[in-house]
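Note that UniProt numbering gives residue 167 to position 167 of the sequence shown, counting from 1, and the numbers run on in steps of one.
Since the hints were made in silico from the structure, they are not lab data.
Misleading hints may appear alongside valid ones.
[What the hints assert, rightly or not] Derived pair list, reagent style DSBU-like, types lysine-lysine, alpha-carbon separation capped at 30 Å:
hint, residue 1, residue 2
1, Lys106, Lys43
2, Lys164, Lys63
3, Lys164, Lys106
4, Lys63, Lys43
5, Lys216, Lys106
6, Lys164, Lys43
[Stated by the list, open to error] Quick list of simulated restraints, FRET-style, between CB atoms:
hint, residue 1, residue 2, range
7, Glu3, Ala266, 47 to 57 Å
8, Pro78, Arg28, 17 to 27 Å
9, His212, Ala16, 22 to 32 Å
10, Asn265, Leu26, 35 to 45 Å
11, Pro180, Thr8, 44 to 54 Å
12, Ala16, Glu83, 15 to 25 Å
13, Ala183, Leu65, 47 to 57 Å
14, Asp70, Gly192, 55 to 65 Å
15, Ala255, Pro78, 39 to 49 Å
16, Pro109, Gly247, 22 to 32 Å
17, Gly20, Pro109, 46 to 56 Å
18, Asn252, Asp153, 42 to 52 Å
19, Asp204, Asp74, 29 to 39 Å
Keep in mind the model is a prediction, meaning the values are calculated, not measured.
Beta carbons: idealized from backbone N, C-alpha and C, even for Gly.
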Amino acid sequence: MAEPETITDPADPRLADYTGLTDVELRRRREPAEGLFIAEGEKVIRRAVAAGFRMRSMLLTPKWLDVMADVITDTPAPVHVVEPGLAEAVTGYHVHRGALASMERKPLPGAAELLLTARRVAILEGLVDHTNLGAIFRSAAALGMDAVLLSPDCADPLYRRAVKVSMGAVFAVPYARLDPWPAALQTVREAGFELLALTPSGADDLPAATPHLIPKTAVMLGAEGDGLTDRALAAADRRVRIPMAHGIDSLNVGAAAAVTFYAVNAGI
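Construct all of the structure, not just a fragment, from the sequences and the given hints.
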């Protein structure tokens, strides 16, 4: 157990992991390079620890010391205590949850390794919105997907916003990068998966495809608005769509993912 220490200087080097958290470009470059990510909020911190991620440090406002007492006791990582105003000066936003932790990343597994034991896989192409990415991971965890595979240009699932929106579900569902794209989709097909591309046009209705009866299913989803690229669609075995009513042509990708994950695992 490390004794919590109060810090009053926003330039204190011990707070370096937490500086500029709202600067997306800075954090996107810095966090993977330094092997860290930020967990925000009590539940997310606890889930990161439970998932086996090593804590580098914790940043708390005073009122959270009692709430996080058991976590403090169980970790040798330093605990920095700061007033809310100083936390905002360091991070760049009002830390209303009052608890942040800098965690150490784990090496990513290879896609082929994940596919050995999976039956239901989500494949994401070009997902750069962290809110959508976090929502998809949360649905993947809740609705029984075994793994998530990401194209090289997808956002980082361990970026703070994605972790927060997922409520820590990014720690529960294993993921890997598929590179080169889309040639690496062949790895999925060779592992025995049928690739279903979700697209609103030129596709079969999802219920008619009976995806829950397919032994191994990989659901491909594209970015909000643009959807899957022509190259990704060409690599799919079958195109499917969610039937719509009232003249609506499509759902937000996060909502579409949830509907499809349910169909793949339980049927509609």
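Violations among the numbered hints: Structure breaks hints 9, 14, 16, 17, 18 and 19.
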